[in-house]
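K.L.:
Each step along the sequence shown adds one to the number in this note's numbering, with nothing skipped, and position 171 is 166.
These are calculated hints, taken from the structure and not from any lab test. One thing to keep in mind: the hints can contain errors.
[What the hints assert, rightly or not] Listed next, the in silico SDA-like pairs over lysine to any residue satisfying Cα-Cα at most 25 Å (straight line):
1. K94 to H51
2. K161 to L135
3. K182 to Q52
4. K182 to L54
5. K48 to A34
6. K27 to D15
It should be emphasised that the depicted structure is a prediction, and the values quoted were computed from it without experimental measurement.
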Amino acid sequence: MKSVKFHTTKDNVWRNASGDLVPFNFVPQSDKKKEVLSAKMYKAALLAEATLKSFHQQLSSAFDTVSDLIKEEYQLKHKKQKKQGKGSITWFNFDRSIKIEADMNEIVKWDNALMTEALALLNSYLSKNLTEANALLAGLVQSAFANSRGMIDNAKVFQILKYQDKIKNKDFQKSCELMKSAQSIDKTKLYMRIWEKQEDGQYRNINLNFSSI
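Based on the sequences and whatever the hints tell you, model everything.
P.N.:
Given below as structure tokens:
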């Protein structure tokens, strides 16, 4: 539940963060100006949030429609079903002045208990098999299970799993099976980039990243 409250010049007293009532005349001018600007920015942010949510729904609908069209075109051309991909597609408008790239990414969730057990087995294998090749693997393991933000690095975990066909050690194999069991798809996330063609023929990405504007 929201607990946002704005004061105006019509309020005889203002309540501060501690709950104290302050007469309007004793409120510093700088706080009065910040109150006005805070209210204005907050309301604008809510409107922008609603607009972005609506736009994202439109993007999702467009992605689904174009995905279906691509499948239909493939089936007509090749007379067979198109294999389900990961959801990365690019399409253009008729004169190719607009380009849209879309990626439907799966958000992986890891079971902490299974990953902890898998890491213990990996470390056990590495400690008993110190080779030059395994030194690279050891570095990969270290960064995979705790990246710069202290979280599991999905891409590096999947890199480790690629070694399963090469390393037949019992502990390593068990570790890989645990990592496979530990992963589940938490949700999917849609990323889209919209480009417009410039006079020089290059495409300019329409910037939807607030921090880059």
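K.L.:
Does the structure break any of the earlier hints, and which numbers would those be?
P.N.:
none
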